[in-house]
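Dock chain B against chain A, hints included.
Top line first, the protein sequences correspond to chains A and B.
Each position in the first sequence, counted from 1, maps to that position plus 34 in the working numbering.
Each position in the second sequence, counted from 1, maps to that position plus 2 in the working numbering.
Don't read these hints as lab results, they were simulated from the structure.
Honestly, I wouldn't trust all of these hints.
Each computed DSSO-like pair below joins lysine-lysine, with the alpha-carbon atoms no more than 30 Å apart [stated by the list, open to error]:
no., chain 1, residue 1, chain 2, residue 2
1, B, Lys-47, A, Lys-60
2, B, Lys-44, B, Lys-107
3, B, Lys-44, A, Lys-47
4, A, Lys-47, B, Lys-47
Footprint (simulated), chain B over chain A, 3 or more residues, beta carbon under 8 Å [claimed, not checked]:
no., segment
5, 95 to 104
6, 120 to 130
7, 140 to 147
Quick reminder that beta carbons are idealized off the backbone N, C-alpha and C, glycines included.
Listed below, chain by chain, are the residues.
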Amino acid sequence: DAGVTQSPTHLIKTRGQQVTLRCSPKSGHDTVSWYQQALGQGPQFIFQYYEEEERQRGNFPDRFSGHQFPNYSSELNVNALLLGDSALYLCASSLNGGVPDTQYFGPGTRLTVL
Amino acid sequence: RKEVEQDPGPFNVPEGATVAFNCTYSNSASQSFFWYRQDCRKEPKLLMSVYSSGNEDGRFTAQLNRASQYISLLIRDSKLSDSATYLCVVNLNYGGSQGNLIFGKGTKLSVKP
Numbered sequence: 035d036a037g038v039t040q041s042p043t044h045l046i047k048t049r050g051q052q053v054t055l056r057c058s059p060k061s062g063h064d065t066v067s068w069y070q071q072a073l074g075q076g077p078q079f080i081f082q083y084y085e086e087e088e089r090q091r092g093n094f095p096d097r098f099s100g101h102q103f104p105n106y107s108s109e110l111n112v113n114a115l116l117l118g119d120s121a122l123y124l125c126a127s128s129l130n131g132g133v134p135d136t137q138y139f140g141p142g143t144r145l146t147v148l
Numbered sequence: 003r004k005e006v007e008q009d010p011g012p013f014n015v016p017e018g019a020t021v022a023f024n025c026t027y028s029n030s031a032s033q034s035f036f037w038y039r040q041d042c043r044k045e046p047k048l049l050m051s052v053y054s055s056g057n058e059d060g061r062f063t064a065q066l067n068r069a070s071q072y073i074s075l076l077i078r079d080s081k082l083s084d085s086a087t088y089l090c091v092v093n094l095n096y097g098g099s100q101g102n103l104i105f106g107k108g109t110k111l112s113v114k115p
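Pulled out of the complex, with its shape left as it was, chain A reads as follows:
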């Protein structure tokens, strides 16, 4: 049973560029959340997708956008990259109303913006 997978593992971009990160949820899960974890900080919630719609959003600018596909996989897009966007981006999957009622995290994509 595959867990949450993310790609790529590492990514280096320059300021102003755009990036797309990908996430495949754990088998049987239908909900995907994205978090940003800066060095030395706890993860911060970006948004959550369920039934291909953004269900909830954290305090992130519109440069951060996402998508969920019919197979429940998800993408996170960040436009006009800033140095401050350098972080570990974590995807978490869960089953809406499921048991156990928890989010499972993927290994993350480490983004460096130069």
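The following block gives chain B in isolation, referenced to the frame of chain A:
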């Protein structure tokens, strides 16, 4: 005020020691509470949920005081493998699958031989 605040750490303890982590949260509407563990350069993993009645899982005991908005984690008989960062997490939703998990900055624990 940060939504979830934790002891800054790091905690450096010998094997076999008992160590306690504390956490406070600011939003009284918080419904569910967790401790996650994060190893260096790895993803967070759920350690345990925290209930008002208190709960125990082997060497780990978690307590919740809703009146004080305070959460604790006690680790008894520390092992080298317990070395990690411990993240206090709250959710305004009931349960952990939906909504916004709000993380503290984490407290780093280092268990020495």
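Take a quick look at whether B:Lys-44 and A:Lys-47 sit within 30 Å of each other, Cα to Cα. holds, 22 Å
Does A:Lys-60 sit within 30 Å of B:Lys-47, going by the straight-line distance between their CA atoms? It holds: about 14 Å lies between the C-alpha atoms, which stays within 30 Å.
Given hint B:Lys-47 paired with A:Lys-47 - CA-CA distance at most 30 Å: Since the Cα atoms of A:Lys-47 and B:Lys-47 sit roughly 28 Å apart, the hinted pair holds (cutoff 30 Å).
Coverage claim, chain B over the segment 95 to 104 of chain A, checked by counting residues with Cβ within 8 Å (three needed): This one is violated; 0 residues, fewer than the three required, reach chain B with a Cβ under 8 Å.
Hint check: B:Lys-44 vs B:Lys-107, CA-CA at most 30 Å. Holds or violated? holds, 15 Å
So is the segment 140 to 147 of chain A in contact with chain B by the C-beta rule, three or more residues under 8 Å, or is the coverage claim wrong? The restraint on the segment 140 to 147 of chain A holds, since 3 of its residues have a Cβ under 8 Å from chain B and three suffice.
Taking a Cβ-to-Cβ distance below 8 Å as contact, does the segment 120 to 130 of chain A have at least three residues touching chain B? This one holds; 5 residues, not fewer than the three required, reach chain B with a Cβ under 8 Å.
In the structure shown, a violation is registered for the earlier hint numbered 5 alone.
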